[in-house]
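Listed here are the chains, written in short residue letters.
Protein chains: 2
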Amino acid sequence: MQKLLNDPADAVVEALAGMAAAHPDDLVVDLGQRVVSRRGGAVPGKVGLVSGGGSGHEPLHAGYVGVGMLDAAACGEVFTSPVPEQLVAAHRVADGGAGVLHVVKNYTGDVLNAQMALELLESGDGPQVEVVVTDDDVAVEDSLSTAGRRGVGGTVLLEKIVGAAAEEGRDLAGCTALARDVNARTRSMGVALTSCTVPAAGVPTFELEEGRMELGIGIHGEPGRRRLPLGTAREVAADLVGPVVEDLGLRRGDAVLALVNGMGGTPLLELYLMCHEVRDLLDGAGVGLARSLVGNYITSLEMAGCSVTLLRADDEVVRLWDAPVVTPGLRWGA
Amino acid sequence: MQKLLNDPADAVVEALAGMAAAHPDDLVVDLGQRVVSRRGGAVPGKVGLVSGGGSGHEPLHAGYVGVGMLDAAACGEVFTSPVPEQLVAAHRVADGGAGVLHVVKNYTGDVLNAQMALELLESGDGPQVEVVVTDDDVAVEDSLSTAGRRGVGGTVLLEKIVGAAAEEGRDLAGCTALARDVNARTRSMGVALTSCTVPAAGVPTFELEEGRMELGIGIHGEPGRRRLPLGTAREVAADLVGPVVEDLGLRRGDAVLALVNGMGGTPLLELYLMCHEVRDLLDGAGVGLARSLVGNYITSLEMAGCSVTLLRADDEVVRLWDAPVVTPGLRWGA
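Residue numbers (the working numbering), protein chains in the order written: chain A, 7 to 340; chain B, 7 to 340.
Okay, chain A solo, but in the shape it has when bound (with noise of 0.2 Å):
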């Protein structure tokens, strides 16, 4: 595999060993625990915002830790859940007081491994935690590795806005409330045009000829809805924010936040060119575009391919997403 690594087996510690040494004024760097969490530790009387999963989605999570979004997050080994005592760990030291929320994709694994986290804490005298699980993905009801509806690009919104609210001193009841809503309005797509290759696997997780996609992708190469001949971005485009447009149920006069993100392979020139596309169809629905982000914001390695999430905004949504944040991954405005 064309990879830079030591032994595979490393590869994670030896990441967060090099955003330690990138972020040092920033993060720190829970090596043991693989959890990255703000310098300066948990803010007193903020709610701690926590979440976790699997690597080789970076940013996401570990990237999206600093002042507007998360307190904390537990990096599991490529593409697997992490434990419940990282879990704890990342809960302990986000914990400000005022209770912490997780956020947790919808994967069974992650799922299991935060019910089983939180059982931990109860036993002992952990802070207060809720859970909220995000399910946007509009591809497949059900699949391998998840009951319902798999969590991705929809995460990386929430926890901008809901790490705003709590920025604010919202508490943990409204943070948890402010967070299932944010689900409830996100939907998401996404397509690859080639596989990725997991370290430790050292093979490409799945074969696709040349010329054909895979619509639906999951961020772990997971099947999708069906394969068929690449299309045309405008027509690729097309086939994302069709079934995302239908299950948010837009109409004429809406207005979305877009996230139009790269799988890790796709060059950034593609992904605007998609953005332009994006645009032209919520120009043609009459949907208006309230915001905007594109690159690589949670992806699956080095896939090819891209994803489309749209969500629902409303002014105290947009107000939360241009708020202050700094981090890694999302940085603006302070």
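Simulated from the structure, these hints should not be mistaken for lab results. Predicted model, so just to flag it, every value in this text is computed and none were measured. Do not rely on the hints blindly, as some may be mistaken.
With the Cβ distance kept under 7 Å, some of the chain A side facing chain B (calculated, not the full set) [to be verified]:
| # | residue |
| --- | --- |
| 1 | Ala21 |
| 2 | Ala23 |
| 3 | Ala27 |
| 4 | Thr200 |
| 5 | Glu276 |
| 6 | Met280 |
| 7 | His282 |
We put the CB at the ideal spot given by N, CA and C, even for glycine.
For chain A, the structure is supplied; the task is to place chain B on it using the hints.
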């Protein structure tokens, strides 16, 4: 080819339309001239900082237009210099009355087109324009497309640092001298693990067998120093950092600003892992890491691989680096 495109001939202009859609409050995109400039126009009394070059290196250069960095960028076809008329259009839109500094990466086509643009301006009533050519790549002394060394990752650091000085009000002579100084204190070296495919060509630029790497690769896939078996990340980091440290004459006690840059198709996980190795190598040489930047900042479409750029740091360079910047590709402190 596995790409999100309509007609490959339209890729650049459609991507620029996507930039306009994604950054309506910050950028003005002239789709006719393919020039991206700051919304609000030239800043009166400020030196205008302009760059340009072939597309396919995004976010370079159009993604660096904004407060604290470039005033305008001219975008050529993929891996092809913009023509003189585009450069003149960029000079004019960036001119706030204090002259324009034009940063050119050292490739024969880019240098010739810049000279022709100057001749066009001198025959008219255009602004005063100074040109600085970057040539930070230590890999090769001459190449098929270059007399002397190629301009690569150091261009990103130069545009940020000189952009900050221009924003502070430094005059054209001062900005020009600073740009030459920054270029002189910067060196880079890159490695490719795969080729990339130019949309209009439709086939990979070169072939690289599994398990091998091209050391000293150029950002358009030009040949490097040699092909050799792909080593561990630690070995590859040494292959990149060693020649840069030697050529820059770094000694124990020096400090650098480091860019660990992805070529477009390498996951952020691997780039952070490489940052860890680069830091260890610098530690071993007694060289301090004053600042670092890790991610995809000057890319070669979807090429897998990375480059390392080191800039000899002093207090003034670090101060200008830390100054606010608000662009699509780099953003902090404002």
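Quick rundown of the hints versus the structure:
1. With its C-beta approaching chain B no nearer than about 4 Å, A/Ala21 sits inside the 7 Å limit, and its interface hint holds.
2. Residue-level restraint check for A/Ala23 holds (minimum Cβ-Cβ distance to chain B is 4 Å; threshold 7 Å).
3. Interface restraint check for A/Ala27: the shortest CB-CB distance to chain B comes to about 4 Å, inside 7 Å, so the restraint holds.
4. Nearest Cβ of chain B to the Cβ of A/Thr200: about 5 Å, under the 7 Å cut. The hint holds.
5. The beta carbon of A/Glu276 is positioned within 7 Å of a beta carbon in chain B (closest approach about 4 Å), and the interface hint is therefore held.
6. Because the smallest distance between the Cβ of A/Met280 and any Cβ of chain B comes to about 6 Å, under 7 Å, the interface hint for this residue holds.
7. With its C-beta approaching chain B no nearer than about 4 Å, A/His282 sits inside the 7 Å limit, and its interface hint holds.
Figure legend: structure checked against the earlier numbered hints; every hint is met.
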